[in-house]
Structure formats: C-alpha cells, structure tokens
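Q: Could you put together the complete structure from these sequences and hints?
Chains as they are written, first to last, in our numbering: chain V, 1 to 240; chain G, 1001 to 1373.
None of these hints come from the bench; they were simulated from the model. Remember, it's a predicted structure, so these values are computed and weren't measured experimentally. C-beta: ideal position from N, C-alpha, C; glycine also. Careful, some of the hints might be misleading.
[Said to hold, decoys possible] Footprint (simulated), chain V over chain G, 3 or more residues, beta carbon under 8 Å:
id, region
1, 1009-1017
2, 1246-1255
3, 1272-1279
4, 1284-1298
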Amino acid sequence: MVAVGVAASTRLPAGDRRAIVARGLSKRFRKGDVRALAGVDFHADSGSMTAVVGPSGSGKSTLLYALSGLIELDAGTVEIDGVTPASAADWVRLRSRHIGMVFQDDWLLNRLSAAENVELPMIGVERSARARRARVQELLTRVNAGHFGDRMPAGLSGGERQRIAIARSLANRPKVMLADEPTGELDSANSRAIVELLADLRAREGLTVVIVTHEDGIAAGCDRRFVLEDGRGRFVDRGG
Amino acid sequence: MTLLSLAWRNLSGHRLRTAATIVGIVLAIGSFVALVGLARGIEATLRASLEVRGTDVIVTEGGAIDPMSSVIPDSLAGTIAREAGVAATSPELTRMTSLEDGASVIVAAWPTGAYPWETLEVTAGRLPTLDDTRPAVIGSSLADRLGLAVGDEIVLFQTAFEVVATIESKSVLARNLAFMPLADAQELTLRDGQATSVNVWLDPAATREEREAIVAALRRAFPDYAIDETEKFAADYTYARFADVLSWSISTVALVSAIFAVLNTMSMSVNEKRGEIAIMSAIGWPRRQIVLTILLEGAILSLLAGVLGIAAGVAAAYAVSLSPSVAGFIAPEIDLLLLAEALAITVGIGLVGSLIPASRTVSMAPAAVLRGR
Ligand SMILES: Nc1ncnc2c1ncn2[C@@H]1O[C@H](COP(=O)(O)OP(=O)(O)O)[C@@H](O)[C@H]1O
Ligand SMILES: [Mg+2]
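A: Here you go:
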C-alpha cells in the first residue's frame, strides 16, 4: 500500500485496513547528537495489537511521539486513521479525536478527581456538560473504575491511576492507542489487568493498539512485534 | 469541568502562594486608589470651594506658588470692578492659623458686606455687620468638631472672636473654614492693605465666548497678575500638581512590582505544570486552550486582588482624610472613573504578568517531559 501524501483530512476509501502508516521516520536530537530514528518504516492494521520492543534508548518512545506529532521529525510521513496531517493544527485534531495516548507515568492532574481527569480531553470538543458526564461514567465503567470516579488521584493505587489514564485516552473515541510502557511502574497483577484491558478494547471495539514494552509476556500476547535497535526498526514474525 | 474551574483549582491548590500574590496586588491597587483619589481630592476640594462661592475668575500675584503666598493690594479689587463685563469683585485674604486643639484651620476674610458673604448658606445666626467687634462665621464641620454654636467664642490668630453664624456648604473645605472681616484679618496678620486674591464675578448674561473675551481683556489690562478661570486655577494649583505627580509615581512603583509578583507566581505555576501542559498536548488540547487556562489563572488572581485592592484603597483614602492633620482639607475624590482605571490597571497587571509565562508553554517540548520523570 502506498501512503497517500495528499492534503490533510483526506480519508482513505472505506475498507482500508491500515490504521497507521509511517515511512522513513528520521529524528536526530542535536543534544548529544543522537540519531533516535534512522529511517523507520512502520505500519499497523486496523484493530491490531503491536508490541514495540528494543533495548533502552533504541528510539521506542521517540517512535510513538513521532506517530502522534509530539516531536518534529527531520524526515518521514505519518498517516493515522486515513489522515495525513499537514500542519500543527492537523496534529492537534488527530491527537484529540483519533489517537489515545498512555504513558509509563499516568500524568493525572492531582487537583482534579478521577472523573474530571477523564473529562479533560472532551473540554472544547463535546460542548454539552451532560454528554461529557455521561461519557465519563461510561468510560469509568469500561475501565472498571465506576466506583472511584469521585476520588482524587492521590488516593488511588498505581493500577487504578493507570486505568483512569486509559479511560482519559479513550474519551473522544480514538481509533488508535499509543501506549509507552504503560505497565512499567506496576506490579505483575496490575500489569496483567492493564494489558487485558487494552486487549479487550482491541477485541471488542476494534482499537488499534501500539504498545511499547519490555515484558516478553506482553509482547507475546500481541499480533506483531516491531523491534527497534539504534533507531532502525523491523517487524519480526510474519512479515509486513 | 470548565477552563475557568480548572484555573480556579490551580489557584486554590496553592493557597499560600496565591494569597501572597494577592496581597502584593492589593497593596499596589490599594495605594493607587488611595493616593490618586486623595490627590484628585485636593484639586476637587479647592475647585468646589471656589465654585460654591460662584467665583468665575481668580486674580493672584503673578508667579505665586500657591494662593496663600500671593500678595496683592486689596485696592486692586476696586480697579478690576470697573472693567467691562465684570459684575462684582472682592478682595480676599486667606491665612492659616492653628486652633486650640492643635489642628489647623483656614481663615478666609472679605470686607464686611462684600459679595462673597452673600454666597454663604447661613444655617444659624447672621452675617457680620460693621457694628460687630471681632465677629467670625464658621463652617458646620468646624463647628461640630469644636462643639461651637452661635454666641460662643473661637480663638483665631490668638484673638477671641465671637461666632455670629454657622454655615453649611457642599464643599468640605468650606464646611471646615472660618470667615472674618478683611479688616480684622489684615490687622491680626500684619497685612494692612494686602490681600491674597481677588474674586471676580462676571456678567451672568455673558456667553461662553464673551466670558473668554472678558478674561483676555483683563489679562491685557493687568499683565502683572495671574488671572485664571476658577477651574483652571484649581487644576494648576501647585500642591495639587505635586500630589498628583507624587501619587502617580508612588503608585507606578507599586503597580510595576505587582506585575512582577504576578509574573513570578505565574512563572512558578507554569514551571511546575510542565507535566500537565505536556499531557494536555498529548490529549489533543490546542495551544490556545492551554495558554487560555494559564491566562485565566492570572486573570482570576488579579481580578480578585483588584476588587480587594479597590476596597482597601477606598477605605484607606477615607481613613486618611479623617485623620486630624488633614481633616477638612481633603476629601478623596473616588469616582467611577478612578475605579474603572483601577480595574483596567488590574486587568493589565494580570495580563502582562501571565502573558510571558503562558507564552512560554508554546516552546515547551511535550515529548521531553512525557518521556519520563
Ligand atoms: N529530548 C531529547 N533530547 C536529546 N536526546 C534525546 C531526547 N529524547 C530522546 N533522546 C535520545 O534518543 C534516543 C532514543 O530515546 P527514546 O526514544 O526515549 O528511547 P527508548 O524509549 O527506546 O528508551 C536515546 O539515546 C535518548 O537519549
Ligand atoms: Mg522510552
């Protein structure tokens, strides 16, 4: 399949199976003169779950930030959900509506309740406060957090907080979930719960999941495995 | 959740810091309102006291720093009275003296029977006549302060006077004045034949243009004297100018330091919110929405402080005007214009103070923050 490098907001014909197509991603950090991405091609089918693995410093996080427009690339094209963003505003729209992101750290706002944290991405998107509240309740239930929506993040466990972060990432019904070591700070039971949640979202709602992980167990549960090494990447297992 | 409530949470989450910043702004806005209000009060008080008398034009010694240090011959009044367009004139000798209670009082003296006496609103007693010895008329506030009524004795220029009347006035200054015949004042202050000013009333039928022409003619006829229309005279009053400049310079220092207080607080706030700002980017908030949240924080902070500061300033101005040393000389002039100015300045402080920190978020790289703590 050929990336359609046309104007922003151009959607591919219905039935296209690729949720993410990235070509020739290159990023060099001036500081330390690090070549974090050296011409990486990446793609993910709609509704697939891909593990991104590789040694520390190999460019895994940089790849996710490149796929979400959070860093400026030196070269390369990205197409998400059929959209090739052409401007910063396009990227903002993509992150708002098409991409959900989860990090090792949950980055919850401590002065807001769990439910308010989940509501955050909907501000400026969903105008009706009632619709936002209903969606928050739906999301909290979805991540098994219906009973602690009113609690403040400080009173929650790491696993609970990460579930809230996942609910937040799903607020505006994205098609793609980019998760950067989401279980990195959790014990094995909580890790498993998070991964099962992501797998379930993928299975039941067709979410396309890209998960950076160090854990073989998680990678083994994914459809595909993308290995990064010194800024170069390749799929191992059945080809792409 | 709204942007406003988010901004409010940020502020209330840092009570001490927010309170400290608010105190800084309150002091700045408060001193602005109090000082500028009092300074404008000096001019307004003087203008009101002249206007109550109906004086149209005031003639003083050319180049005199203030009306009280002006020295002119009292005969000048008669000369000016003969000019075209002039309805009436009266020499006036204005002096300050201290009362038994230690406070000061301004004494205005006119020839017995002269026109200015007729402008006084007598509430008790009667105006002095040539048959009285050492008669005095006192303003209602002065009478209240000293507990004096008609028939009582008041010591002015170390000499006992009899209160023959008390007067009411719209002007605070006039309510706190004492009035006596010109001859008594000249004798007791060793100023025989002298006056400090001549009050001039123009022909009431004259149009605005005609009045200007009359004043211009007077200036030509008496080039050695300062001849001013009442309003301009009050505005140019040297001490009012001093007070104006002083109050503006002091407030400017306070206001600029308030800007730095906001700048400092908002910089700290933005700095510790690097993570929040980064996650807002990651969840698809547009930059302007992020910047707006921070600006709102600064706006709430400064508006809250501004309202408190205005209240504090008004209270301080009235407290100062009631203090014995200035009571009766200055009534603060705090009108809607001054309050609007204070509020505008407050908004300015909030905007300038938070704009720089807020705009810094634009250059923050979210990825570098989100990568890990
Ligand atoms: N903001 C940055 N400035 C400089 N170097 C960076 C920055 N971000 C990442 N790097 C470098 O780029 C390389 C890839 O980093 P990263 O993508 O975080 O790796 P990984 O997630 O696989 O551990 C590393 O060598 C890292 O030090
Ligand atoms: Mg990483």
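Q: Next, verify each hint and record whether it holds.
A: Each hint tested on the structure:
1. Coverage of the region 1009-1017 of chain G by chain V holds. Counting CB-CB distances below 8 Å, 3 residues qualify, and the rule asks for three or more.
2. Coverage of a stretch by a chain is defined here by at least three residues with a beta carbon nearer than 8 Å to that chain's beta carbons; for the region 1246-1255 of chain G and chain V the count is 0, and the condition is violated.
3. Using a Cβ-Cβ cut-off of 8 Å, 4 residues of the region 1272-1279 of chain G lie near chain V, which meets the minimum of three, so the contact claim holds.
4. Figure legend: the region 1284-1298 of chain G, annotated as covered by chain V; annotation consistent (5 residues with Cβ-Cβ distances under 8 Å, at least 3 required).
Going through the hint list in order, the structure does not satisfy hint 2, though it satisfies all others.
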